Amino acid sequence: MRRPNPLRLAAIAAVGALALGACGSSSTTPSGSGSTAPGGMKVPDLKPLDKLGTAEGKVSVLAWPGYVEDGSNDPKVDWISDFEKASGCEVSVKTFGTSDEAVQLMRTGQYDVVSASGDATLRLIAAGDVEPINTSLLKNYGDIFESLKMQKHNSVNGVAYGAPHGRGANLLMYRTDLVSPAPDSWAAVFDNVGGQKGKVTAYDSPIYIADAALYLMKTKPDLGIKNPYALDEKQLAAAVDLLKAQKANVGEYWSDYLKQIQAFKAGTSTVGTTWQVIVNVAKGEGAKVEAVLPKEGATGWSDTWMLSAKSQAKTCGYLLIDHLTSPKANAAIAEYFGEAPGNKKACAETADKNHCATFHAEDEAYFSQVWYWNTPIEACLDGRTDVKCTDYATWTKAWTEIRG
Amino acid sequence: MKRKTPYGLLAAPLLWLVVAYLGALASIFATAFFTTDSFTNEVVPGFSLDNFRALATGTYAGIVGRTLLIAALVTVLCVGLAVPFAFVMARVVPARWRSVGLALVLVPLWASYLVKAYAWRAMLQPEGVLERTLGGTPGYGFVAVVLTLTYLWLPYMILPVYAGFERLPESHLEASADLGGSDWATFRRVVLPALGPSIAAGTVFTFSLSLGDYIAVSIVGGKLQMLGTAVLQNNVLDLPFAAALGTVSVVIMVIYLVAMRRTGALENL
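Note that the protein sequences, when read in sequence, are chains A and B.
Residue 70 in this note's numbering sits at position 65 of the first sequence, with consecutive numbering throughout.
Residue 160 in this note's numbering sits at position 158 of the second sequence, with consecutive numbering throughout.
To be clear about the criterion: a stretch of chain A counts as covered by chain B if any three or more of its residues have a C-beta under 8 Å from a C-beta of chain B, and this derived list gives those stretches:
#: 1; region: 98-109
#: 2; region: 255-263
#: 3; region: 266-278
#: 4; region: 374-385
#: 5; region: 392-398
#: 6; region: 403-409
Quick caveat, the hints were computed from the structure, so don't treat them as lab data.
On a predicted model such as this, the values are computed, not experimentally measured, just so you know.
All C-beta atoms, glycine included, are put in the ideal place defined by N, C-alpha and C.
This is chain B alone, in the form it adopts within the complex (with noise of 0.2 Å):
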């Protein structure tokens, strides 16, 4: 070898990335071909497609739709959020209170996952705060779901939206006002094409969160069931079915990263 490469320091990291990440992806995927034995529930190693047969039924098909809709539904939500603001906080809001703005983005982080899932599910209790403030609410099921992923997930839209302004350069703007543009033309032929890469990385993140969640669904989706929580009930029952389960938030993820790649948003995570 001439070039030299520090293949020593790289080793570590190789190993932990190809044994405990692709070599756990590679044993759901096998054993999504075993099967258990009905009585004990013992998985019985043995080559069976019966699993993704299963799959093929309106029940698992209703589950990874709904699923689906919820994951894009969050994600519309949080762009829809994080646009606005972090244009108010890129462009508007003058430079020393940025810092500010981005550590309140940033706060809800600190709270742990299932504080801010309970304190959704108390909110959306009756005679709750949505309740007694708003005079009504969803109760638990799905707008709930759509409701707390939408919060739980806003900040990781926000950030890469905001570092995408940032980088717009200013002269663009200014070039688009000289050229007669109004303040709407110049969002939407101006900043909206240079912010799409970034949008596209953060819903990288909101919709693969909220493709896998299976705890805040459990806490105020009701009598909702998702993917997450589908697997979660297999993984007690009949581990190789919910591998089978597992494959296919994979396979939706792979499509996903595969059409975002297009996009340029790989590039911006």
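Just chain A, with the same shape it has in the complex (with noise of 0.2 Å):
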């Protein structure tokens, strides 16, 4: 090898100083001027749009999958095309596998609107990647069950931060042929996994801790735990410990939801957490699975469509926001996923006529049993003031711990 020249050493050190200015600066948090919500949250000063403009001719979507389907998965399946006609808005979508997936792709400012979980939203909000909306801009907001709108999670300060979309529960999957008797309780994937060792599967990331919480809450009362992302650093280990024991037994964790579907088709995977639109999928193709609402209850969502704050299109923003809260596309998409519709009107445009019953659309006692996706933070959601709780950046280092 040759000397190194000092000069060009030089030239090197200068350019990697440059990169990291700017790397540097370009990741500060938008804060300064700004509110501060209850719970000590700092919100970024941001206005939500006056009126809306002309169709900016093109809005890219970030989505739960079978959110935003224009029938390029299933021709049946398609409320995005009549949309695209009318409005003058092409519509493309990127798909998310998890809530953490989605505040991360956000970031990048690629896209105009985005489907948030409660355990997204905050973090958009405070991290100014989402903006207000001006309620009165959308027709169908007024139809939206009042019991999700202006929600901690969805507003702060009494400001809306999105046009609630829908709400529903994780269920409890399992092939009916290799799993017998059918599981009542998530015990089938915690204490009792039975002949399904290395099986089991659960969903790849920090939030599924809760779901361990919420049966610990349950099933070990002593450890007073009322709320499940609410933990304290005793709580967090004996969940961490439930999780580390259910390793032993799990074949595959899964985030991707086309492999989880595939894994139950094998058979590779036969017991575990998944949503009501993958067991839809998977009995489409013909797999032998079933899902259930276990005895303990589970964690479940709320969904809410925000805009992003970067937005160059935020006129068909609006547009689709709206299209997508509208009641035949709501009724189309709670019915695809298997949720229950954000707006009222849905309900009676659902080709079953059962579906709002079934997913109790308007059951706020079911939903009480429901314990949507949260961000835990330091100060304990359950209102304990005597004790620190385990915020996400714990649970984020407890995950990669309980994966090994």
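Build the complex from these two chains, which are given one at a time in their own frames, with help from the hints.
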């Protein structure tokens, strides 16, 4: 090797420093001015749109799989093509597998609209990634269930940050021919795996720790868990131990829904947490699977359509959000994904007239048993003040430790 | 300047190398000292050694150790398969068939990496090809990852070893035979030493590609976690920590390349 030229080294160092400077300035938090929400969260000062302009021609959406279908996956499943013709906004979709992925992708600024669950919404709001919504620009906003609007996860200081879309519960899916008796408890993936050793599957995200906490909340009351997203150190340690024990029985962790479908069809996974849409697609492909809401209740989601603060297609963004929360489209999504619609009038538009009853669209007592995904923070969400709770960063480290 | 050097021609690639390549590496390294906002997961510039301290915990030592073991096993398997294959191709097969052999080695490289990994996923599943023909399958996990990676990187080992065999003068083999060396003695004492640098060059590919892999392991690895998947998981949630993890693989590769340089492998790439 030739001796390095000192001049060249200096040049490399200078360029490196430039690159560092650039990367440092681009990642600063947009704080400074802005208001503080209850709980100490700082919110940047952003203004919602006053009025709609002309359609920009295209809009890109970041969505859970099954939320924005234009017929390319299944020609019969399409609630986007007509919208594209009517509005003049061409829709492109990118799906994600976990809320963490959604937050990270949204930060790239390449997407105009996002379907955010409760464990993503506040992170996006606090970082200034999404902006407040002018609800008067959404024709269908008035028809959305009051119990979903202006909640802690989609509004700050009385300002709405999006249009509620729908809600549901994470279910327990199993192979009907391989798992008997049919499970009715999360014990089937934790304490009582039986013959399914090595074929259990679990969701590959730190938020799955809440599923273990929920199970402990019902089976080990002396731990004193009141909310699966508010765990002090001792409670988190118990959940981590449960998940480490579970790992011995796990065959695969999943976050890609297509891979989960394939695993259940092949029988490499036979029992584990899932979404209704996965059950529907797997059944459609001939897999012998069924899903139940276990007796302990479940974690779940309440989703909100949000608009990127950096969007260059805000008019199309509003039009799309309005379309997706309109009775017909909202009903189609709710049935395809398997969740309760957000729009009251959607209940009259579903193909299965019992859909809203089956998914408890108006049943607040039912949803009090469903723990919507939420971001764990240091201030305990269950109201305890005598102890510090573990935040999501701690959960993240714990999850890597569990995965080993 | 007396001698004319075409600096103008070099400017664009040099700029690319320094800014896009070394600049990116430098910024990854610097990011490793940053922290994140515990609520929004946003990167907060600053200086903290916490990320490197966290690397020293048992969990990550286990992940790094497992990844090194997989990379080493894949490399050993690739050498074991490539040497006899390249020998047959370069020395036994008539010259006009050599290009056919070479083409057969290269054909798998035309198929997408993902397609090949998913093909292994299908083959390894219960009642898949492996179980039906061989009567058993290792299932998804450690063995599946080693098998799949060995398959994926084998051509990168065969090519330099084949080139090494081609360069080996026929006269050396004849000399060995004339001096009474058996086939095995010739192979062990003449061929292998001459081939050393070529094999070492191949291992640079198989080892580094295995070290950084995260796709094959997420497809056939089951619940297995490797350095690449740990970086991916943290890339989403804790970028500075992912950067610290990424630094580990850079350091391992630098050590490996320095060691390989002593064998003369880098002149054979």
